[in-house]
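Q: Based on the provided sequences and hints, a complete structural model is requested.
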Amino acid sequence: MSQTIVLVGTRKGLFVIESKNRKKWEVRGPLCESWPIYHAVFDKDSGTIYAAAASEWLGSSVWRSSDLGETWEQSSEGLTYGDDSELKLSKISSLSAGHGRLFVGAEANGIFKSSDGGKTFSLVTTLDDQPGRDQWNDPANQPPGHLGISQTMQDPDDEKHWWAIVQGHSLFETTDDGKTWAPRNKGLRADWPLDNPEVGYCVHCLVRSPIDGSRMYQQNHVGMHRSDDQGLTWTEISDGLPSEFGFAAAVHPHDKDTFYVIPLDPGHGRTMPEGKAAVWRTKDAGSSWEKLDKGLPQEDAYLGVLRRGMTNDHEDAPGFYFGTSTGQVYASLDDGESWSEIAGYLPGISSVEVAVV
Amino acid sequence: MAEVFLPTPLLPLFPELTRRVEVDAATVGEAISQLNERWPGFRDRLVEAGPALRPHINVYVDKERAGLDTAVGTGSRVDVIAAISGG
Numbered sequence: 001m002s003q004t005i006v007l008v009g010t011r012k013g014l015f016v017i018e019s020k021n022r023k024k025w026e027v028r029g030p031l032c033e034s035w036p037i038y039h040a041v042f043d044k045d046s047g048t049i050y051a052a053a054a055s056e057w058l059g060s061s062v063w064r065s066s067d068l069g070e071t072w073e074q075s076s077e078g079l080t081y082g083d084d085s086e087l088k089l090s091k092i093s094s095l096s097a098g099h100g101r102l103f104v105g106a107e108a109n110g111i112f113k114s115s116d117g118g119k120t121f122s123l124v125t126t127l128d129d130q131p132g133r134d135q136w137n138d139p140a141n142q143p144p145g146h147l148g149i150s151q152t153m154q155d156p157d158d159e160k161h162w163w164a165i166v167q168g169h170s171l172f173e174t175t176d177d178g179k180t181w182a183p184r185n186k187g188l189r190a191d192w193p194l195d196n197p198e199v200g201y202c203v204h205c206l207v208r209s210p211i212d213g214s215r216m217y218q219q220n221h222v223g224m225h226r227s228d229d230q231g232l233t234w235t236e237i238s239d240g241l242p243s244e245f246g247f248a249a250a251v252h253p254h255d256k257d258t259f260y261v262i263p264l265d266p267g268h269g270r271t272m273p274e275g276k277a278a279v280w281r282t283k284d285a286g287s288s289w290e291k292l293d294k295g296l297p298q299e300d301a302y303l304g305v306l307r308r309g310m311t312n313d314h315e316d317a318p319g320f321y322f323g324t325s326t327g328q329v330y331a332s333l334d335d336g337e338s339w340s341e342i343a344g345y346l347p348g349i350s351s352v353e354v355a356v357v
Numbered sequence: 358m359a360e361v362f363l364p365t366p367l368l369p370l371f372p373e374l375t376r377r378v379e380v381d382a383a384t385v386g387e388a389i390s391q392l393n394e395r396w397p398g399f400r401d402r403l404v405e406a407g408p409a410l411r412p413h414i415n416v417y418v419d420k421e422r423a424g425l426d427t428a429v430g431t432g433s434r435v436d437v438i439a440a441i442s443g444g
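First to last, the protein sequences are chains A and B. Its first residue numbered 1, the first sequence is counted upward by one per residue in this note's numbering. Its first residue numbered 358, the second sequence is counted upward by one per residue in this note's numbering.
For the record, the hints were derived by calculation from the structure and aren't laboratory data. Since the structure is predicted, the reported quantities are computational estimates derived from the model, not experimental observations. The hints are all genuine.
Chain A side only, calculated, beta carbon under 10 Å to chain B, not exhaustive:
id, residue
1, E33
2, S60
3, S61
4, D83
5, L87
Note that the Cβ used here is the ideal one computed from N, Cα and C, for glycine as well.
A: Written as structure tokens, this is what we have:
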């Protein structure tokens, strides 16, 4: 019988929420010695859970478990720019697993790779030749959070093809396994002056349809956007939403036109508008939006959801999951029509990922 | 031999590491390197690029604040303290 495991990265460790039927859930944790977990993923090829951790005291390290979180090891061997580099690694904040490797996004901006199951790491790139590179590691130019490379996304059909987000600066694409890069921000909006129109866009979260790789969506600092050409150009699809701001996004695994976001107030609060929790869905690629709030708190619910805070499984009736910065995890098994709380009192949540094993 | 007293958050990271360990080293940095040979990865937890002690890791040799180059004598007591910070 299959089991669904939801990996929840929090400020105080990793939690695993698991279920055999996606109705009755059990929580295990805190794991990884309660280190702050920025992102955790499941590598389906190796059956390994990886967690990107950054401790204020003991530095950054990648935790790994090959038995679904029962036992853990950690390593940071090679996760450094070196003693003589101008760059200093302050944290690791994003992971992606695929093609027998693990990518680790770091701040200062760089991407590391492990090809031995998370035991050792080597630097792939710091995107040195890209426009904006001379500015984005300057602390004065960094956005709050200082996540650095806030997301890498691999093409499951082409190991040399992947994308990376430099937090607060841009989306980039490589087709030669990280040797060269190109900005992919054409059509995005910036409500601030740009030195170079190719870069300077605040991409929060990128998702790609698993049934049509040319279809992508992104939640941006200013607006939701859709691409029909694999990120070469973008079209804004914010009309009809209560806020153009948010962090998290998910695309339906069986319908490329169905896409989910969680709009947030764009000011300092960055919580759900009017204290009413809701996920918003389009079923027509962004032409119209509907509010989905059944089962979610509607009074004094000032919930935030961060950029890795929403995900979905790929079952025939897919499950959607999101976690809040105040420690609740919600799940929906009916395409978002209704939601139920599967954990209520976890530490602040940084990331939610799911696997069916 | 010098005695090194380690903070408890380190102990679960390395099998059989104990709160008190003995080293035969001339400096704090050498002591940490010795422990890294016995428990690979140990150094990364206390030392960042530079090299330098991590910002919230404090080391004292015989009750005096120390750095990586501070001398360690026979019979010295080396305390590694994870600073009280965060929330």
